[in-house]
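Student: Position one of the sequence shown corresponds to residue 28 (this note's numbering), numbered consecutively onward.
Please keep in mind that the hints were generated in silico from the structure rather than gathered at the bench. Just to be clear, a hint being listed does not mean it is correct.
[To be verified] Distance condition first, Cα-Cα at most 27 Å in a straight line; then the derived DSSO-like pairs of lysine-lysine: (1) K327 / K294; (2) K242 / K259; (3) K188 / K145; (4) K88 / K258; (5) K311 / K294.
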Amino acid sequence: MSSKNERKKGLGRGLSSFLDVDSFGEIVDKKRDEKKITSEPNSPTNLPIEHIIPNQNQPRKDFAQDELSSLASSIRETGIIQPILVRKNDDSYEIVAGERRWRAAQIANIHEVPVVIKELTNEEVVKISIIENIQRVDLNPIEEANSYNQLIKEFGYTQEKVATSLGKSRSYITNALRLLSLPKSIIKHLQEGKLSSGHARALVGVANSENLARKIMDENLSVRDIENIVKKGITQSDDRIKKGTSTKKDVDTINLEQDIKAALGLKTIIDHNENSGGGCIIVKYKDLEQLDMFCSKIMKM
Numbered sequence: 028m029s030s031k032n033e034r035k036k037g038l039g040r041g042l043s044s045f046l047d048v049d050s051f052g053e054i055v056d057k058k059r060d061e062k063k064i065t066s067e068p069n070s071p072t073n074l075p076i077e078h079i080i081p082n083q084n085q086p087r088k089d090f091a092q093d094e095l096s097s098l099a100s101s102i103r104e105t106g107i108i109q110p111i112l113v114r115k116n117d118d119s120y121e122i123v124a125g126e127r128r129w130r131a132a133q134i135a136n137i138h139e140v141p142v143v144i145k146e147l148t149n150e151e152v153v154k155i156s157i158i159e160n161i162q163r164v165d166l167n168p169i170e171e172a173n174s175y176n177q178l179i180k181e182f183g184y185t186q187e188k189v190a191t192s193l194g195k196s197r198s199y200i201t202n203a204l205r206l207l208s209l210p211k212s213i214i215k216h217l218q219e220g221k222l223s224s225g226h227a228r229a230l231v232g233v234a235n236s237e238n239l240a241r242k243i244m245d246e247n248l249s250v251r252d253i254e255n256i257v258k259k260g261i262t263q264s265d266d267r268i269k270k271g272t273s274t275k276k277d278v279d280t281i282n283l284e285q286d287i288k289a290a291l292g293l294k295t296i297i298d299h300n301e302n303s304g305g306g307c308i309i310v311k312y313k314d315l316e317q318l319d320m321f322c323s324k325i326m327k328m
């Protein structure tokens, strides 16, 4: 599982590259009347907190109450040093970056907060929101994957462009997106922090993934443990097919294998157990590019 340092690698440009300011942290709170919002671009101004609304597309969906309470205590003592980034939205102002500060300010009974108002496209808002969250407070793996997927679905990004824009490797983005193909129960465990992204990646494409997820939690298995279990299961299944110990395949099964192979562009093996009625489908890939292609096709289905 990647460490926090690894996750932040390549994000050194940070928000300053999008906001045209040298250092957000050096901006101090200035008392200004709301009517004076005709100030210089990127200059901080104060807004009544009730005039600010959260961004519905904010990548982070869960805000830990203890973290907000701690931040609220800090705000009571020192105020909000780093202004909230907003954009005009009809009669209100939509948060682009800084929702935690806005929520904490409400807990602290602060009535006005410093903001920087900027004209931004929807695409820029999504990108800045992702960067702000990754830099400051880690998103859970599903929130992070959904953010990358939003850039792809809504703005036509390729995985390569997502990686380049956010300072990540393409394989990192690919692995993050693969988590979205997991069963809903496993996704929920990830969101709740009961499974790590490393555990979840090992379960992608595994037939009995939900059973294995429960085994991980019940027995406190490491990522290496589950990788070995998965590898052993696939190898045994593959060996049975090679040795001809499985039931002889009928014409329908062989034709189905060929149909799946034609649709996916990858060799496919169906291992069906006549006794139990269950089995598994093995899809083989040669390199990361083929894996990317497979994941992309599966997620579009």
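Student: Now look at each hint and say whether the structure bears it out.
Tutor: For each hint, the structure was consulted:
1. For the hint linking K327 to K294, the alpha-carbon distance of about 20 Å falls within 27 Å, and the restraint holds.
2. A threshold of 27 Å between alpha carbons decides the hint, and for K242 with K259 the separation of about 16 Å falls inside it, so the pair holds.
3. Restraint check: the Cα-Cα separation between K188 and K145 comes to about 24 Å, which is no more than 27 Å; the hinted pair holds.
4. Taken as a hint, the K88 and K258 pair is broken in the structure, with Cα atoms around 34 Å apart against an allowance of 27 Å.
5. Of the supplied pair hints, the one linking K311 and K294 holds, its CA atoms being roughly 5 Å apart against a limit of 27 Å.
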